[in-house]
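Heads up: the protein sequence lines correspond to chains A and B, in order.
With my numbering, the residue at position 8 of the first sequence is 8, and numbering never jumps.
For my numbering, count along the second sequence from 1 and bump the result up by 101.
Derived from the structure by calculation, the hints contain no laboratory data.
Just to be clear, a hint being listed does not mean it is correct.
Label-pair distances were calculated between CB atoms; the ranges are [stated by the list, open to error]:
1. 22/A - 447/B: 27 to 37 angstroms
2. 72/A - 292/B: 50 to 60 angstroms
3. 226/B - 100/A: 49 to 59 angstroms
4. 100/A - 189/B: 20 to 30 angstroms
5. 521/B - 23/A: 24 to 34 angstroms
6. 33/A - 144/B: 16 to 26 angstroms
7. 33/A - 138/B: 55 to 65 angstroms
8. 447/B - 26/A: 24 to 34 angstroms
9. 49/A - 155/B: 42 to 52 angstroms
10. 322/B - 33/A: 26 to 36 angstroms
11. 94/A - 226/B: 52 to 62 angstroms
12. 188/B - 3/A: 26 to 36 angstroms
13. 139/B - 33/A: 50 to 60 angstroms
14. 208/B - 3/A: 23 to 33 angstroms
Predicted model only: the values in this text are computed from it and were never measured.
The C-beta atom is built at its ideal place from N, Cα and C for all residues, glycine as well.
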Amino acid sequence: MGLRRIDAGEITTVQVDGTLDITVADELRALSRDLLASGRTTIVLDLGQLRLIDSAGIGAMVALYKRVVDHKGSLKLKGLCDQPLAMFKVLRLDRVFSLAK
Amino acid sequence: MSRSGLGDMSQNRTTLKGNGPRRPPPLSVHSAASRLALLARIPARLSAARDERDLAGETFSSVRALWPHARRVALLRSNQAGTGFTKDSAQDGGQDLLRRVCSEMRILRSASRLQLPELMPHLIMPVLVGSERTPGRGPVVSVPIVHRTTLLGLLLVEGQPEAEDFTVPDLDEMSGIAAQIALVLLRLRAEVTATQRQRLDRDLDLAREIQRRFLPSLASQISGFRVAAEYRPAYHVGGDFYDLVSVGEDRAIAVIGDVAGKGVPAALLMSRVSHDFRRLARAGLSPREVLTQLNASLFEQSTDEAFVTAVCVSLDAARGRIEVCNAGHVAPLLRNEWGHVLSIGEATGTPLGMLRNENYGQDELPLQLGDIVLMMTDGVVEALDTDVDRLGSRALRELLSTAPADVGEINRRILGTVESTGVQTRPDDLTLLTVEAVGQARRAAA
Numbered sequence: 001m002g003l004r005r006i007d008a009g010e011i012t013t014v015q016v017d018g019t020l021d022i023t024v025a026d027e028l029r030a031l032s033r034d035l036l037a038s039g040r041t042t043i044v045l046d047l048g049q050l051r052l053i054d055s056a057g058i059g060a061m062v063a064l065y066k067r068v069v070d071h072k073g074s075l076k077l078k079g080l081c082d083q084p085l086a087m088f089k090v091l092r093l094d095r096v097f098s099l100a101k
Numbered sequence: 102m103s104r105s106g107l108g109d110m111s112q113n114r115t116t117l118k119g120n121g122p123r124r125p126p127p128l129s130v131h132s133a134a135s136r137l138a139l140l141a142r143i144p145a146r147l148s149a150a151r152d153e154r155d156l157a158g159e160t161f162s163s164v165r166a167l168w169p170h171a172r173r174v175a176l177l178r179s180n181q182a183g184t185g186f187t188k189d190s191a192q193d194g195g196q197d198l199l200r201r202v203c204s205e206m207r208i209l210r211s212a213s214r215l216q217l218p219e220l221m222p223h224l225i226m227p228v229l230v231g232s233e234r235t236p237g238r239g240p241v242v243s244v245p246i247v248h249r250t251t252l253l254g255l256l257l258v259e260g261q262p263e264a265e266d267f268t269v270p271d272l273d274e275m276s277g278i279a280a281q282i283a284l285v286l287l288r289l290r291a292e293v294t295a296t297q298r299q300r301l302d303r304d305l306d307l308a309r310e311i312q313r314r315f316l317p318s319l320a321s322q323i324s325g326f327r328v329a330a331e332y333r334p335a336y337h338v339g340g341d342f343y344d345l346v347s348v349g350e351d352r353a354i355a356v357i358g359d360v361a362g363k364g365v366p367a368a369l370l371m372s373r374v375s376h377d378f379r380r381l382a383r384a385g386l387s388p389r390e391v392l393t394q395l396n397a398s399l400f401e402q403s404t405d406e407a408f409v410t411a412v413c414v415s416l417d418a419a420r421g422r423i424e425v426c427n428a429g430h431v432a433p434l435l436r437n438e439w440g441h442v443l444s445i446g447e448a449t450g451t452p453l454g455m456l457r458n459e460n461y462g463q464d465e466l467p468l469q470l471g472d473i474v475l476m477m478t479d480g481v482v483e484a485l486d487t488d489v490d491r492l493g494s495r496a497l498r499e500l501l502s503t504a505p506a507d508v509g510e511i512n513r514r515i516l517g518t519v520e521s522t523g524v525q526t527r528p529d530d531l532t533l534l535t536v537e538a539v540g541q542a543r544r545a546a547a
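Chain A extracted, bound-state conformation (with noise of 0.2 angstroms):
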C-alpha cells in the first residue's frame, strides 16, 4: 500500500499501489512537491499495481499533472488498469496524460 519513489538517473518513478484515496493523494501531493523543488521534473507513476481511484486521488493527479507542466517537465502513467484506466477514460482523462504498458 502507498507510495514506493525510485530514483533512476533522471528519472524518479513513482509507484502508486492499491487505493489511490485522500489519505494517499495527500502523501502524493507532499511528494510531488518535494520532487519538484529538488528539480526532479521527469516522473513516471506506476500504476500497474494500483486498483482503485477516487475524486481526490484523480485531483491530486491532476494537480501534479499542472505542476509539472509549469516545470516544463514530463509525467508519464505506466500500467494503469482495472478501475482507475475506466476512471480516466470516463473523464477523458487518457487524451491528455501520456499512458503507457
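With chain A's structure known, arrange chain B on it following the hints.
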C-alpha cells in the same frame, strides 16, 4: 506550579524515609492514615480536571502531597497521532526527565527525537532510576499511563538529589495513580473528539444548506418542456448540481454536474458554478461555449485539485435540435417516443477546471416532440452498478425504455430501483434531471 505541571520544591528527606513499608523507620499510624486519606482523595481530584493541562496540575499536586521529597513531577501525554508527546507536556522538565530515563536505559538516541513508537517497547513497563548513578541528580521513576496496549503517556517523578531511591511500593502507588490518569485522559480525549465531531456535523449542515439554496426548484412546465428534477444527498454531502434555464419559446438549456470533493468546499464551488451557469445560459451561449467559459473561470480561480464534471444540453423544440457538450461527465440518455434509448454526447473533454485551454466538442442531434432526455450524476449509475452490468448503464436504459412517458414517474422509478438495491449509505449524491420536449409553440401552430 509551572504551566506544564512541573515544579521544584525542597522538602526535607526525612519524610521520604518514612514512606514505604520496606523502609525504616516504619510509618507512624498517624502518617499512614493521612497517607491513605490522601490516596483515597486522588481519583476525585484527578477526575475533576477540565482539560489535560488541568489534569497535569492535579497530578503534580497529588504526587507532591504523597511524596513530599519529589523535586520534579511531569505528566507527558502522547499526541493524538501517537507519534510523540504533546508540546506543552514535553517542554521544560518533562523532556529532560525522559532523556534521563532513556539514557539510563541506553535508548538515548531514539529519545533525542522523543518518538513514541520507538520508546514504547522500553517504557511500557515502569522504570526505576537510582540516584547514585547520576551524581547531583535525584532518583527518577517513570510510570506508563496505559490504556489496553496503547501508551497514553508517562508519569515521571524525580526525587531530591540525595534522596533514597524510590521503591517497589512507591511504584505500585504511582501505578495506581497512573491508572486513574489514564481513565481521565481517555474521558477528556473522548470529549474533544465529540466536540470535533459536532464541528464536522455543523460543517455538513452548512454544506447541505448551501447546496439546498443553490439547487433550483424547477417549474414542472416551462415553454415547450416538461421537467422533473430529483436530488438525494449522500451522508457526505457532495457537490452535485443541476439547472435548467428557459431561453425563449420552446428553447431551454440545461446543465448537470458533480464537483469533486465533499463538504463545504465542494458546496461552495458548486454554488459558484451554478451561478456562472445561469449568467452564461441567459446570455444565449451554446453548450460548448458555456462549458468552455466555465472551464476557463474554474481553472483560473480554483485550487489545483478541484474539478467539476458537467454536461450541458440545449434543447430547441421549435427547430427540433439538441446540442450536447460533455466535460468528463456521464453521458445523458435520450428516449424517443417508441421507447428506444440511446446515449448522447459522450465526453469530448476533461472535467472543468483541469486544463486551461481545453477544446470541447459538441454533438448535435435531431429532437422530436415526445423525446425525453435523462441527465444524471454518476451516483445514480454507480448505485445501479453490478458485476454483470458495469456502470449500471443497461439497468438504467431498461428502466428508461419501459417507463411511461412521464418525467416525474421516470425519476421515481429510477430512485425506487436505486433505493431497493439496498445501498444504505451511499457514498455519492444522486441527481436526476429529466426533460421531455412537448413543443408548445409548434403544437399551438399545428
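Status of each hint after checking the structure:
1. 22/A - 447/B: 27 to 37 angstroms: Distance hint for residue 22/A, residue 447/B holds at roughly 28 angstroms.
2. 72/A - 292/B: 50 to 60 angstroms: holds (52 angstroms)
3. 226/B - 100/A: 49 to 59 angstroms: Roughly 54 angstroms apart at Cβ, these two residues keep to the hinted range, so it holds.
4. 100/A - 189/B: 20 to 30 angstroms: violated (51 angstroms)
5. 521/B - 23/A: 24 to 34 angstroms: holds (33 angstroms)
6. 33/A - 144/B: 16 to 26 angstroms: violated (49 angstroms)
7. 33/A - 138/B: 55 to 65 angstroms: holds (59 angstroms)
8. 447/B - 26/A: 24 to 34 angstroms: holds (32 angstroms)
9. 49/A - 155/B: 42 to 52 angstroms: Cβ of residue 49/A to Cβ of residue 155/B: about 49 angstroms, so the range 42 to 52 angstroms holds.
10. 322/B - 33/A: 26 to 36 angstroms: Once the Cβ atoms are compared, 53 angstroms apart, the range 26 to 36 angstroms for residue 33/A and residue 322/B is violated.
11. 94/A - 226/B: 52 to 62 angstroms: holds (57 angstroms)
12. 188/B - 3/A: 26 to 36 angstroms: 28 angstroms Cβ-Cβ, so the 26 to 36 angstroms window holds.
13. 139/B - 33/A: 50 to 60 angstroms: 55 angstroms Cβ-Cβ, so the 50 to 60 angstroms window holds.
14. 208/B - 3/A: 23 to 33 angstroms: Holds - the Cβ-Cβ distance for residue 208/B and residue 3/A, about 30 angstroms, lies within 23 to 33 angstroms.
The structure does not agree with the numbered hints 4, 6 and 10 stated previously, though it agrees with the rest.
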